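Colleague: The lines below spell out each chain.
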Amino acid sequence: EVQILETGGGLVKPGGSLRLSCATSGFNFNDYFMNWVRQAPGKGLEWVAQIRNKNYNYATYYAESLEGRVTISRDDSKSSVYLQVSSLRAEDTAIYYCTRGYVMDAWGQGASVTVSS
Amino acid sequence: DIQMTQSPASLSASLGETVTIECRASEDIYNGLAWYQQKPGKSPQLLIYNANSLHTGVPSRFSGSGSGTQYSLKINSLQSEDVASYFCQQYYDYLFTFGSGTKLEIK
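Just so you know, the sequences run in chain order A and B.
Residue numbering for the first sequence follows the numbering used here, beginning at 1 and increasing consecutively.
Residue numbering for the second sequence follows the numbering used here, beginning at 1 and increasing consecutively.
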């Protein structure tokens, strides 16, 4: 069974930073691209970042609205992917989902991030 | 970025009805389109990919169609468990973009 579990969410002050983790199991992690997608309260979905696999030299791509403030990384030995977000703003308040694949066919339950003083 | 315009924003239909949700891309996305269903309080789930391919385990009352810049999701014989928000997403361009979503309710 495919499992995706995000951790690391919480309350962060404006200007702070946060590292989200996504642990996976039940599939060959090395074969897949991985993404982060976020959803602000009561709003739609926003793709944040993608990291490709070793075959694609771990290439990374970012939403233009967030570029420069986010970094996606992965550790194939731990079947895990990470998202570092810096200079956090109130508008970064959202549930952050970790998703599998170029076609996002599996999603975690999400990690809630609240940016507030 | 490719812009995705989704309509309607909300939809109310009766059980057993057929509903259609539309998505228009700002440029040709060559069938690089997925549809997701998000039930209240849950994570989104993939329904359709490549514009018209049904994801494993998705009921056959869901179908996708379209080409170029115009795509649609059709739900036949609406069931109570179909109450959800639906989102289209293009992946033709590697900078993925989503439609704004359609909230489906039962009359």
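There could be a bad hint or two in this list.
Pairs of lysine to aspartate or glutamate, DMTMM-like flavour, derived with a Cα cap of 25 Å [as the list claims (entries may be wrong)]:
#1 A:Lys43 - A:Glu1
#2 A:Lys54 - A:Glu91
#3 B:Lys42 - A:Glu1
#4 B:Lys103 - A:Glu1
#5 A:Lys13 - A:Glu46
#6 A:Lys43 - B:Glu105
#7 B:Lys39 - B:Asp82
#8 B:Lys74 - A:Asp31
#9 B:Lys39 - B:Glu17
#10 A:Lys54 - B:Asp28
#11 A:Lys78 - B:Asp82
#12 A:Lys43 - B:Glu81
#13 B:Lys74 - B:Asp28
#14 B:Lys39 - A:Glu46
Just so you know, these hints were derived from the structure itself, not from any lab.
Please read these numbers as outputs of a predicted model, since none were measured by experiment.
Colleague: If any of the earlier hints don't hold here, list their numbers in rising order.
Modeller: The structure conflicts with hints 1, 2, 4, 8, 10 and 11, although it agrees with all the remaining ones.
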